[in-house]
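Using the hints, put the two standalone chains together into the complex.
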Amino acid sequence: MTDTVDSRPERPGYVPPIFGDSPEGTHVWQRVPYDSAHYGPVSDFTTDFDHGDPAYNPVAPEVWKELRDGGCPVAHSDRYGGMWVPITHDTVHEVAYDTEHFTSRAVVVAVGRPGDLALPAPIGGAPPITSDPPFHGMARRLLLPAFAPKQIEPWEPEVRKLCRELLDRIGDITPGESVIDAAVQYAQHIPVNVIGRMLGFPAADEDLFRKFVHDALERIAEEPGTREGMDDLGIYITEQIHDHRENPRDDLTSYLLNVEIEGIPVTDEVAGGMIILLLIAGIDTTWSAIGSSLWHLAQHPEDHQRLLDDPEVMTFALEEFLRAYAPVTMARMVAKDIDFHGCPMKQDDWVLLPFPAANRDPLKFEDPDTFVVDRQENRHAAFGLGIHRCIGSNLARLELKVAIEEFIARFPRFELAGDVRWSVGQIRGPRELPVRILAVAD
Amino acid sequence: MRVHLDSEKCQGHNRCYALAPELFDVDDYGQAVLLVDGDIPVELQEKARLAASNCPEFAIKVLES
Chain A
849 MTDTVDSRPE
859 RPGYVPPIFG
869 DSPEGTHVWQ
879 RVPYDSAHYG
889 PVSDFTTDFD
899 HGDPAYNPVA
909 PEVWKELRDG
919 GCPVAHSDRY
929 GGMWVPITHD
939 TVHEVAYDTE
949 HFTSRAVVVA
959 VGRPGDLALP
969 APIGGAPPIT
979 SDPPFHGMAR
989 RLLLPAFAPK
999 QIEPWEPEVR
1009 KLCRELLDRI
1019 GDITPGESVI
1029 DAAVQYAQHI
1039 PVNVIGRMLG
1049 FPAADEDLFR
1059 KFVHDALERI
1069 AEEPGTREGM
1079 DDLGIYITEQ
1089 IHDHRENPRD
1099 DLTSYLLNVE
1109 IEGIPVTDEV
1119 AGGMIILLLI
1129 AGIDTTWSAI
1139 GSSLWHLAQH
1149 PEDHQRLLDD
1159 PEVMTFALEE
1169 FLRAYAPVTM
1179 ARMVAKDIDF
1189 HGCPMKQDDW
1199 VLLPFPAANR
1209 DPLKFEDPDT
1219 FVVDRQENRH
1229 AAFGLGIHRC
1239 IGSNLARLEL
1249 KVAIEEFIAR
1259 FPRFELAGDV
1269 RWSVGQIRGP
1279 RELPVRILAV
1289 AD
Chain B
16 MRVHLDSEKC
26 QGHNRCYALA
36 PELFDVDDYG
46 QAVLLVDGDI
56 PVELQEKARL
66 AASNCPEFAI
76 KVLES
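Going line by line, the protein sequences match chains A and B.
Note that my numbering has the first sequence beginning at 849, numbered continuously upward.
Note that my numbering has the second sequence beginning at 16, numbered continuously upward.
Okay, chain B solo, but in the shape it has when bound (with noise of 0.2 Å):
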């Protein structure tokens, strides 16, 4: 699994930081940041479709694989 972050969509809600913070963390002005690069531990990936599925602006996508 991937996971795939738009930063032009991202407004800051800060949802994937309060779910997901081992994959997610917000810089000084409150957007998101993706912290892993590559293939998701399964042990996280629960947490990255969490993250997803509650982005207000659909700007997490999980790539499946």
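Extracted from the complex, chain A is given alone in its bound form (with noise of 0.2 Å):
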């Protein structure tokens, strides 16, 4: 049982990981019945889901259409060893509402899912995203505080800063011929330097951190046991943890690491589940937005002129790009039998969560596909529905809003200038995204 430990080069400080991807990492995992290269692409979205197909997230929007304008409320795949994907906001509202029926235990569709050694539901291995009622709401409650729009708020001076250096670090500009990747050389460096700082874990890991991320999220379909990364960020936590035990300072890390639940001190298992959980899901995601919303004003000067003109209408652009762009598609797995509207859900099934399908759902907004840059009336589920309401959803704001604003007050203008790849997987966004600078800000 120490294989994948012994394996591991020997490190000063090396404690034995309490998480990671393989047998001995405390989260075991289970084989799902699914091979990827036998299914191969996806041929039909209704019967033959794949959001792990490369080309699902470039056209997400058009199989959502598609999907609704044929009359499939929800689809369906074998893929994972069976999935359901409800498209419309009424559907996906429903299964965020049912924690009865839907566990959180694991929330993202991969060949693995936690097996019968994992951390069990309601705790899950990165509390309390993978929590159920009612230890969820206990683990929720520790975190609440410190994402909270008045402990987030003073954070923008900073986030504003990093924002300029990140600009002043593309160097020289000549306008109209420049080329730069907005997701690669801005977007991407903005969300680690945040969470890092945060939690208190040094600002030149970023490029692990984003390893991390790619791995958990985007290496779905890959053997439970070769994600190297994962294994990795078990070791980086259990690290963390030993060194912030050991030098105690003012962060998430050493907070969390002296918290209680109804008077029992947390075990490093839980706290080193949550500080993963606030490492990983703030970095594609956020990312993804400001990437998004800077690909959609490269091929919308009108709007990215209206911004500059009137700073104020950035209260609804903002969530308006949250809402057309959301990039966070969550998961369950069924909990126990159910016929959801016809669906023969069994235990174990995976279900996808669509925020962003829901948010185009012209039942809930009018014209859903149509970007309103100071859209009035806007009910988006960006930051899902429910008890699992995105924790760190008044930072990713804060990111997003200042990213957008630092990037086009340094380029007024700015246009595509090439092919977008798009990432992989539930999170959604541009991973690459070349954009030619038309002028620079004096």
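Please keep in mind that the hints were generated in silico from the structure rather than gathered at the bench.
Think of the CB as a built atom: it goes at the ideal place given N, C-alpha and C, for glycine as much as any other residue.
Errors might be hidden in some of the hints.
[What the hints assert, rightly or not] For lysine-lysine, the following DSS-like pairs were computed, each having C-alpha atoms within a straight-line distance of at most 25 Å:
#1 Lys1194(A) - Lys1212(A)
#2 Lys62(B) - Lys1212(A)
#3 Lys1009(A) - Lys1249(A)
#4 Lys913(A) - Lys76(B)
#5 Lys62(B) - Lys1249(A)
#6 Lys62(B) - Lys24(B)
#7 Lys998(A) - Lys1249(A)
#8 Lys1194(A) - Lys1184(A)
#9 Lys1212(A) - Lys24(B)
#10 Lys62(B) - Lys76(B)
#11 Lys76(B) - Lys24(B)
#12 Lys913(A) - Lys1212(A)
#13 Lys62(B) - Lys913(A)
#14 Lys76(B) - Lys1184(A)
[Claimed, not checked] Residues of chain A placed beyond 10 Å of chain B at every Cβ, according to the derived structure:
#15 Ala996
#16 Lys998
#17 Leu1105
#18 Gln1153
#19 Pro1159
#20 Glu1167
#21 Ile1186
#22 Val1221
#23 Gln1224
#24 Glu1225
#25 Ala1229
[Unchecked claim] Here chain A is said to cover these stretches of chain B; the calculated rule only asks that three of the stretch's residues, wherever they fall, bring their Cβ under 8 Å from a Cβ of chain A:
#26 18-28
#27 31-44
#28 65-79
Written out as structure tokens, the structure is:
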């Protein structure tokens, strides 16, 4: 049982991982009966849905529309051992609210799912996102104050400074000629730096964080146990816990190592799970939202100009970016068999929760496929619905708002300059976004 | 006009506080708190409607008189 641990290089201060992709981790994975090579590319999203097909994210809004127009409120797939995909706002809402039939113990659809030895419901591997009631509420209350609006607002100057430094780092620009990658050179650096600072992790580790996120959220069709980044994440967090225990400081990691639930100190396993959640959940999600928003502006100079002429419109534009380009699709597992609008859902089936699809439901949003920069009525579900509302939503909004403001202030005009490469899997956003800078602020 | 906030439905999306801080505050957990008891002054009625029509959880109701 020690193969994976022994195969790791010796490191100073090394302690065995408490999380990871390997059988030695607490997070024990059970292989689902699915061979991605056997299935190949998706032929029909109604009966063979696969968000892990690289062809999905570039055209996802068209897929949702096709499913809705075809009278399919819930798609299905045999992939990943069986998966259902509600598409309408009503069905997404219903699943999100029904914590009796749908458990959060696994929220990333993949070839592996938590096995019998994984931290069981209602806690799960990364509380509270993987938790169900009643534990969910207890864990969530530990984190909510740190991410409440009035705690997040003071971070604005620091986020602004970070964005400006990133823009400075891009270097000399020749308007009309210079092409930069707004995802690689800008968007991807913002959330890693902010959450790293909040958790008290070294800024130099940002490449490592993106690797963790890539392995956890994009390599979903690969064999459990082969995603080395998952084990490295476990090792990294264990080392950070160790270091923060030795050298306590004023950051979220030290805070979480000293919290109690119902008068009992949380275990390293639970604290580590919460730290993993905070590290992973805010990175490619926010980076995707920033990238998608800049992708939109690169193609819609009229919206770009409106934001420059009337900065107040950002209040509404921000929410419209989040509605139209919501990056996050969540997932649940069926906790007990249910007939869901005629769909025979069985225990342990996956259920995708595409909040981005709900955001384009014509029954809830007028003209949903049109971006309306000052949309007045906007009950979008970009941050989820129900008890699992994204805990970092206030931070994500701050980062998105400041990132857009600073980018358009520096580059008052830019256009798309090549092919966009989209992410794979549940988080949707540009990973490569070439834009030609047409004007630079004085 | 009156405003009703269903605290059970509120999940702390923070939209009302952002759009109508004169009418809504947030507590230490980010949950909405209604600041106005009784009739909403005319000058704030549009903001009240905006808060209601942007709540993802449908937790805010505006009762037009």
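Open item on the list: Cut-off 8 Å, C-beta pairs, minimum 3 residues; does the coverage of the region 31-44 of chain B by chain A stand?
Closed with: Held - the region 31-44 of chain B has 7 residues with a Cβ nearer than 8 Å to chain A, which meets the minimum of three.
Task: Interface exclusion of glutamate 1167(A) relative to chain B, criterion Cβ beyond 10 Å - done: The claim is violated: glutamate 1167(A) sits with its nearest Cβ about 7 Å from chain B, within 10 Å.
Task: 25 Å Cα cutoff - pair lysine 998(A), lysine 1249(A) - done: Given pair lysine 998(A), lysine 1249(A) holds - Cα atoms ~16 Å apart, limit 25 Å.
- [ ] For the pair supplied as a hint, lysine 62(B) and lysine 1212(A), confirm whether the alpha-carbon distance does not exceed 25 Å.
- [x] holds (21 Å)
Open item on the list: Beyond 10 Å on every Cβ pair: is that true for alanine 1229(A) relative to chain B?
Closed with: violated (6 Å)
Task: Distance restraint between lysine 1194(A) and lysine 1212(A), which requires alpha-carbon spacing of 25 Å or less - done: This hinted pair is violated, its Cα atoms lying about 29 Å apart.
Open item on the list: What's the verdict on lysine 62(B) and lysine 1249(A), does the C-alpha distance respect the 25 Å limit or exceed it?
Closed with: Distance of about 21 Å is within 25 Å: holds.
TODO: With a cut-off of 25 Å on the C-alpha distance, tell me whether lysine 913(A) and lysine 1212(A) pass.
DONE: Roughly 14 Å between the alpha carbons, so the hint for lysine 913(A) and lysine 1212(A) holds.
Open item on the list: lysine 62(B) and lysine 24(B) were given as a pair; does the straight-line alpha-carbon distance stay at or below 25 Å?
Closed with: holds (20 Å)
- [ ] Please work out if lysine 1194(A) and lysine 1184(A) have their alpha carbons no farther apart than 25 Å.
- [x] Given that 25 Å is the threshold and the Cα spacing comes to 7 Å, the pair holds.
Open item on the list: Confirm or reject: alanine 996(A) is not an interface residue toward chain B, with every Cβ-Cβ distance exceeding 10 Å.
Closed with: Nearest chain B Cβ is 4 Å from alanine 996(A), so the label is violated.
Task: Restraint status (C-alpha distance of lysine 62(B) to lysine 913(A) at most 25 Å) - done: Answer violated: lysine 62(B) to lysine 913(A) is near 33 Å, above 25 Å.
In this structure, the hints that do not hold are numbers 1, 4, 13, 14, 15, 16, 20, 23, 24, 25, in rising order.
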